[in-house]
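Just so you know, the protein sequences line up as chains Y and X, in that order. Following the numbering used here from start to finish, the first sequence increments by one per residue and tops out at 122. Following the numbering used here from start to finish, the second sequence increments by one per residue and tops out at 1212.
The reader is advised that the hints may include incorrect statements.
Cβ-Cβ distance ranges computed for the label pairs, FRET-style [as the list claims (entries may be wrong)]: (1) X/S1028 / Y/D109: 18 to 28 Å; (2) Y/D77 / X/L1071: 41 to 51 Å; (3) X/R1055 / Y/D109: 28 to 38 Å; (4) Y/D77 / X/R1081: 50 to 60 Å; (5) Y/F52 / X/K1024: 30 to 40 Å; (6) X/S1014 / Y/Y84: 37 to 47 Å; (7) Y/H26 / X/N1114: 51 to 61 Å; (8) Y/P60 / X/N1114: 48 to 58 Å.
Selected chain X positions facing chain Y (in silico; Cβ < 10 Å) [what the hints assert, rightly or not]: (9) S1030; (10) F1034; (11) S1037; (12) L1039; (13) V1040; (14) Q1041; (15) Y1062; (16) R1129; (17) F1130; (18) P1134; (19) M1137; (20) E1171; (21) R1174; (22) F1175.
Derived by calculation from the structure, the hints in this document are not laboratory data. Since the model is a prediction, treat every value here as computed from it, not as a measurement. No residue lacks a Cβ here, since even glycine has one placed at the ideal position from N, Cα and C.
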Amino acid sequence: LVFQQDYVSIPKLPMNEYLRLASTFHSMYAISSNLSPMPASSGIEVLEADSFKLQCFQTPTGTKFFLTTDPNHNNLDELLRKVYELYADYVLKNPFYELEMPIRCELWDYHLERLFAAENSK
Amino acid sequence: TPPTMEGRGKTPRSVIDRPLSKGKAEVSLSAFSFLFSELVQYCQSRVELTQELERKLEDAGYTVGQRLLELVCYREKTSRRETKLLSILHFVSGNVWKVIFGKNADTLERSTENEDEYMITEREPLVNRFISVPRDMGQLNCSAYVAGIVKGVLHGAEFPARVTAHTIPVEGQRFPRTTFLIKFAPEVLQRERVPVQSINPSIHQSHNAEDF
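Using the sequences plus the hints, can you model the full thing?
This is the structure we're talking about:
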């Protein structure tokens, strides 16, 4: 897990908790792609429950972005794509970022905040 | 066949035979950003202090500046070369900036404290677009590369100067702007003060009539 952020006010869990949840999801994602009866299927893309919705986007390199939101959102696909674009711009083009390390890029934080502020105000 | 003089007149055989590009082609910002990011990382691996990193970036830009001066002058096709301080500064903040960034520099100012200092400011330098400097690196500004380019252009035009890039926080703005401080060498200012003497036409006498 290299980045985690809440864009609504919910109680924050300790970092270890997030790491644990993320690695659990990562394993479930891998297992689900093997479980599928169809060959060469991807892992969990959408998880819908009563109280929340989870959508995951895997890049061709294996990096996963996943969003958990309330069930009403429909455009998570588009959102995840924008997040990926922001990642490619403000994290990967930053000479001070090392791959696999926790992301500490000011411009990345700033643009994500703007993206989700716009999203939440809809 | 080796590239030789035979290329001329026939289809160009090598890069040297082809005419210089018109300069209309644009480069993808992403491609440049990745390359620049690599340059910064390369320089960083060879220094120990933050200030040295800025020096290294400046040096990298210097060689670009020297060549850029020649190229821009050739493309402009002006027959005069700039000899006055203000005109070379306008050349840099206008023509050179246009070639590199596609726009003029935001402002060009003269320092109120020192008469040998001038400043070019840029609200959001293109080279810094995707770069977030970590907090422990303080005021590092990767536009030191651009400062090096300016220095190269000025030195090539015979205006020796020291050029540095500074991060200046702006009130009311989340992100700071960049100021390029240009400090000219004393001989430049001295040259500016001496008035240009007009060439005396009587020196060019013809010798035919008087010699008899």
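Hint check, failures only: The structure conflicts with hints 5, 15 and 20, although it agrees with all the remaining ones.
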